[in-house]
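If you read the sequences in order, they're chains P and H.
Numbering follows the working numbering, with no gaps: position 83 of the first sequence is 83.
Numbering follows the working numbering, with no gaps: position 26 of the second sequence is 1026.
It should be emphasised that the hints constitute simulated quantities derived from the structure, not laboratory data.
The structure presented is a predicted model; accordingly, all values stated were derived computationally and were not measured.
Ideal Cβ positions, reconstructed from N, Cα and C, are used throughout, including at glycine.
Where hints are given, some of them may not hold.
Simulated DEER-style distance windows between Cβ atoms [what the hints assert, rightly or not]:
#, chain 1, residue 1, chain 2, residue 2, range
1, P, Arg-110, H, Glu-1057, 33 to 39 Å
2, P, Leu-26, H, Pro-1010, 43 to 49 Å
3, H, Lys-1042, P, Asp-27, 18 to 24 Å
4, H, Pro-1008, P, Thr-112, 23 to 29 Å
5, P, Lys-55, H, Ser-1068, 36 to 42 Å
6, P, His-85, H, Glu-1005, 32 to 38 Å
7, P, Gly-53, H, Gly-1094, 18 to 24 Å
8, P, Lys-55, H, Asn-1027, 23 to 29 Å
9, H, Arg-1060, P, Gln-42, 24 to 30 Å
10, P, Gly-53, H, Glu-1005, 35 to 41 Å
Under the rule of at most 25 Å between Cα atoms (straight-line distance), these lysine-lysine pairs were calculated in the BS3-like manner [as the list claims (entries may be wrong)]:
#, chain 1, residue 1, chain 2, residue 2
11, P, Lys-41, H, Lys-1067
12, H, Lys-1056, P, Lys-41
13, H, Lys-1056, H, Lys-1070
14, P, Lys-20, P, Lys-55
15, H, Lys-1067, H, Lys-1056
16, P, Lys-66, P, Lys-55
17, P, Lys-14, H, Lys-1067
18, H, Lys-1102, P, Lys-41
19, P, Lys-55, H, Lys-1093
20, H, Lys-1042, P, Lys-20
21, H, Lys-1042, H, Lys-1070
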Amino acid sequence: GAVVSQHPSWVICKSGTSVKIECRSLDFQATTMFWYRQFPKQSLMLMATSNEGSKATYEQGVEKDKFLINHASLTLSTLTVTSAHPEDSSFYICSARPQIGEQFFGPGTRLTVL
Amino acid sequence: QKEVEQDPGPLSVPEGAIVSLNCTYSNSAFQYFMWYRQYSRKGPELLMYTYSSGNKEDGRFTAQVDKSSKYISLFIRDSQPSDSATYLCAMIKGNTPLVFGKGTRLSVIA
Chain P
1 GAVVSQHPSW VICKSGTSVK IECRSLDFQA TTMFWYRQFP KQSLMLMATS NEGSKATYEQ
61 GVEKDKFLIN HASLTLSTLT VTSAHPEDSS FYICSARPQI GEQFFGPGTR LTVL
Chain H
1001 QKEVEQDPGP LSVPEGAIVS LNCTYSNSAF QYFMWYRQYS RKGPELLMYT YSSGNKEDGR
1061 FTAQVDKSSK YISLFIRDSQ PSDSATYLCA MIKGNTPLVF GKGTRLSVIA
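The task is simple: from the sequences and hints, build the whole structure.
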């Protein structure tokens, strides 16, 4: 299957700082990428849909000024958590779609805000 | 009624058993059906992807779609302890976001 990478895999930061997470599709181009967060033993929660070259579409309740998404190329999307607080600590997972139907997930990034 | 229903389990089976995982859905517009496996603290891994009704086999895994009944299944033959994970069904219509089931936690006991 196609490969999606995320960097970093684990990050610890102080409250008030910003953290950037990168998501790359390694062997395919993805017009559409998705960002999810997941709390322990809970389902994936879609945060936003990102289309290359245009603004991301955020799900209801997700603050677009706090979770900045940039999809600058067909293989790279970034999620920046601005002014992170302990309640932002979570598992963030990106996903990329090479064509309608198939969707591949990255390995996830564990964010801990102290 | 939720769009996709999936029994969260947990489901515990002995090694070598055949495992049957199922989801039902309410929206007949769903076109693509997927099964993902997620290990703890990892991203979901795509196991099976189907478009039409019928069966699709890949190694020990068989995915089954019955659009008339709005019912999909994943069968795992000769289950192994390494199959212990959460299994998520997912489906989409067009280029919209995936709609997931809640996931079924499976434990295969050696």
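Taking the hints in turn, this is what the structure says about them:
no., hint, in the structure
1, Arg-110/P / Glu-1057/H: 33 to 39 Å, "holds (35 Å)"
2, Leu-26/P / Pro-1010/H: 43 to 49 Å, "violated (34 Å)"
3, Lys-1042/H / Asp-27/P: 18 to 24 Å, "holds (19 Å)"
4, Pro-1008/H / Thr-112/P: 23 to 29 Å, "holds (27 Å)"
5, Lys-55/P / Ser-1068/H: 36 to 42 Å, "holds (40 Å)"
6, His-85/P / Glu-1005/H: 32 to 38 Å, "holds (35 Å)"
7, Gly-53/P / Gly-1094/H: 18 to 24 Å, "holds (20 Å)"
8, Lys-55/P / Asn-1027/H: 23 to 29 Å, "holds (27 Å)"
9, Arg-1060/H / Gln-42/P: 24 to 30 Å, "holds (28 Å)"
10, Gly-53/P / Glu-1005/H: 35 to 41 Å, "holds (37 Å)"
11, Lys-41/P / Lys-1067/H, "violated (30 Å)"
12, Lys-1056/H / Lys-41/P, "violated (29 Å)"
13, Lys-1056/H / Lys-1070/H, "holds (17 Å)"
14, Lys-20/P / Lys-55/P, "holds (17 Å)"
15, Lys-1067/H / Lys-1056/H, "holds (14 Å)"
16, Lys-66/P / Lys-55/P, "holds (15 Å)"
17, Lys-14/P / Lys-1067/H, "violated (50 Å)"
18, Lys-1102/H / Lys-41/P, "holds (10 Å)"
19, Lys-55/P / Lys-1093/H, "holds (22 Å)"
20, Lys-1042/H / Lys-20/P, "holds (19 Å)"
21, Lys-1042/H / Lys-1070/H, "violated (29 Å)"
In summary, the numbered hints that this structure violates are 2, 11, 12, 17 and 21.
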